[in-house]
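Colleague: Join the two chains, each given in its own frame, into one complex according to the hints.
The lines below spell out each chain.
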Amino acid sequence: MMQSSKLVMGRYVEASSWVHRLDPRAKLVAMLLFLAAVISAHSLVELSTITVIALLILASSGIPLSRYGRASKPLWPLMFFMFLFYVLFEQGGSPLFEIGSFHVSSEGVLLGLSAVWRMLLLVCFTSILTFTTTPIELNLGLEAVLKPLKFIGVSPQQWTMMITIALRFIPTIFEEADRILKAQASRGADINDLKLAAKGKMLLTLLVPIIVGAFRRAEDLVQAMESRGYVLDRARTSLRVLKWQRIDSLFLIGFGMLLIFTFVM
Amino acid sequence: MAAIIRFNQVGFQYPKRESMFADLSLHIEQGQWVTIVGPNGSGKSTLTKLMNGLLAPRSGTIQIGGVTLDGHTVSDIHRRVGYLFQNPDNQFIAATVQDDMAFGMENRCLSQEEMQRRINQVSVELGIQDWLHRHPSSLSGGQKQRVAIAGLLVLDPEVMIWDEATSMLDEQARREFMTRMRQLRVERRLTIVSVTHDAEEIMASDRVLVIKDGKLVAGLTPMELFVQGELLQECCLRPPFAVELSLELRRRGVDVDICRDEEELVNALWPSCPVKS
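Protein sequences appear in the order of chains A and B.
Every letter in the first sequence is one number past the one before it in my numbering, and letter 9, counting from 1, is 9.
Every letter in the second sequence is one number past the one before it in my numbering, and letter 120, counting from 1, is 385.
Don't take each hint at face value.
Claimed, not checked - Computed spacing ranges between beta-carbons, pair by pair: (1) A:M162 x B:Q278: 30 to 40 Å; (2) B:Q278 x A:R21: 48 to 58 Å; (3) A:S66 x B:S403: 23 to 33 Å; (4) A:L194 x B:E528: 50 to 60 Å.
As the list claims (entries may be wrong) - Some but not every residue of chain A turned toward chain B, in silico, with C-beta under 8 Å: (5) T164; (6) I165; (7) L167; (8) E175; (9) E226; (10) S227; (11) R228; (12) G229; (13) A235; (14) L239.
These are calculated hints, taken from the structure and not from any lab test.
Bear in mind the structure is a predicted one, so any value in this text is a computation, not a measurement.
Glycine included, every Cβ here is placed at the ideal spot set by N, Cα and C.
Isolated chain B, as found in the complex (with noise of 0.2 Å):
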């Protein structure tokens, strides 16, 4: 599989403040879904919005797609990279929920018949087409989180950023946030960044990439990342509680593989209960 996004020897640092990165290099594979977890004050945000342009590198060169990231390529990687932000309520520019969607639209000069056709192929993709004449103050957060990425899908992205977008979620309005966007990533083919502290959330993931110090400590699987607890407690994270168990298991000696859910850990613990008869 190709890169879809690709840093070489980038160098980035805030005006006035010590350097953020100084030789980052990584890759991301088109399709993959790549969490990026570390301490706070690491850099995940600010990787991030150098993935789509929002903040310009002052060393070395960033791909997106093969197009190298520059003043004239900005515009186009913007469509290409979705970003959604921690703060659903700060990314509504509109006064009505279809007025928003068609914001970016609206810049990239569509025309009108084409910009109504993609509402309504998007809003209903999502199930958002009642709420089409509503005020965006007037939904609740997994709402509002459902609109921005809607706002996003309008312009057909291939690669999608969430800049800790579940963190101010309930606990259903996630899950829901979760299964959608399995199914779209599916549907649409869609590369995931996604920055992150929910153990679910990386979990679903297929690789994680441990930024520290702004260098690049670890690239690995969510399974791999789960049983090094050092590299865990650095980043400020816990396992899911059915790893957790399931290592704390095999440290009491039962014989267990380290499971991913609940029920994957119910189904291997089964076979070995004694049986009354």
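So here's chain A without its partners, still in its complex pose (with noise of 0.2 Å):
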């Protein structure tokens, strides 16, 4: 059951803060201002600028600042990766010292810092989407932030119900591979004895049950579906109705103007 509990929350810290209460719209559209602005900046001074101000989002959302630097761990390799290739090939500047037939030079040392840092930047701060905002409102935003897809005939109402039931039923399917283990195992087949390769092949058979089961599912879930009025693309209302705030549009204001502060400079 923690699992399933934990599938479902996804990535949710839950804690009472401001920026939990935040419209998930304007989260939404906040990120992608920061995600502009990170990428126009170029002087320390904008860079900076901008670190000051995630750095005070991110210290008041409740969240401990240890947990965003974890959500970059998986990113760790290629950021050491990309200042690597800035040290190893950028040649402009004043040279600091040679490795082989290599010439290190401060500009490239600088470039692959300022690279680490805007990556590092953009992936904790949009952490923050995730950390504070549940699964079930996100998907609320995501509606409304692409609702203008559908004047290019991409339904939006579509895709959300998708993950609606992508929410649904994933802790479900999770259930059933367990239990389909758990069966295997008590005929003597248990996945934790087995080497890698047998691990899986074993994971492999383990695919044909629940795919099978969850095609059935799905045939069921249509008529459930349909029997409770559902028809695909009709308006309907929701249960969950947003609320804009002041705080929303001056949250989105403050990240607009960053953003020209970055173009300006």
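Modeller: Right, dumping it as structure tokens:
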């Protein structure tokens, strides 16, 4: 049960801060503005301004900063590689020292550091979205933000319905997988005792019953949805209504100004 | 009493298969609890799916509360005829109980206040108010089926169909389900149509329709059904223990009425017992 509740909540961290209470639409759009600002920031002044603002918001989100740091962990190798690339191949500025036939310059080190810094900013700061917003809210926000796509023939309602169903069924399907694994173990095929290659093979045999089961579920689900009045792409209301407040506007304006600042500088 | 469900010479066929029903006519009266029984593959589920418009007949007409089922009315009929599926796991759509209860109402474009009002009312009625924020997969089988009923009741249906809705529940959950449904039926004046193999569930109903080879072969009371050994055998059914025992006692010459349940049987046998003084 622990596992399934974790899957449902995704990366959401419960706390009550003003960031948690922000409208998911405001957070989604603000993230895009932040992304643009980070990309267009070049000088040290711009980067440090963005950093200070980001840190202030992260610190007031009621979630320990180390948690954001951990969110960037999977990307550390990539950051290291990026840094190395700049250091070894960027030749401008004053030369510092040589490693074999590579000349390391001050410019290279600076560019490398700023690239890593920007990436860190992006990853940590965008984690705020998934850390402070429940998947259900995020889904609602996404539907609203994607609404303009209707004009090019994409239906945001279909997409969000798909996400809703995924959120609903992922734990169920994991439970089923767990049950099948236990059934196999009870007949003497315990996955924990196997070598890696055999483990892979066993997981493959697990896939068949799970996929077949998922299709059977889907058939039932379609009928259940239909008999409860769902019609594809027909207008529907929502139990959860997002409330746009003044703080949401202020939050967005703030990020808009940040973006303008990086353009002007 | 008026017929709430009426089939007039209904024909139905799944694509690329033999005809299921050729000329089926039946009616179900308002407020009745009707059980549909029959051998496997006789078309019980198909019949109930025709009743709420999940399947469309090839010929003939189906009327629900006087409204003929067609492409225009099917949406309204979905609301009036709630359908409870066998596997409670496969009928949840949303990630929390209250969002799931709201699903049908969202499709009907109800206002948020109205949805909240009905969720509150029905969740108290069914005693599920403490689970509103839980994920459906964290509930037990009986709890899931209760939430599924809640999702239908918020739409205020007139007819409730159960397609073997208790077959995946344990004994205690099944009993709870039955007690609750009896109560709901009285309070909300529901018509119930159930597909089941369970003798006690059949016994609780007012009328039994026996379907065989796409035909309605009998419409009778549960008691009438349970004394017809041949018909029971064809439908793979067994009478409830009390009925079986009273039949056996009568065969051995004990003068006793056929009793619905154990208590009734004990009371019937009691006076004829020799009392030692």
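Colleague: Looking at the structure, which of the earlier hints fail to hold?
Modeller: Violated hints: none at all, because every hint is consistent with the structure.
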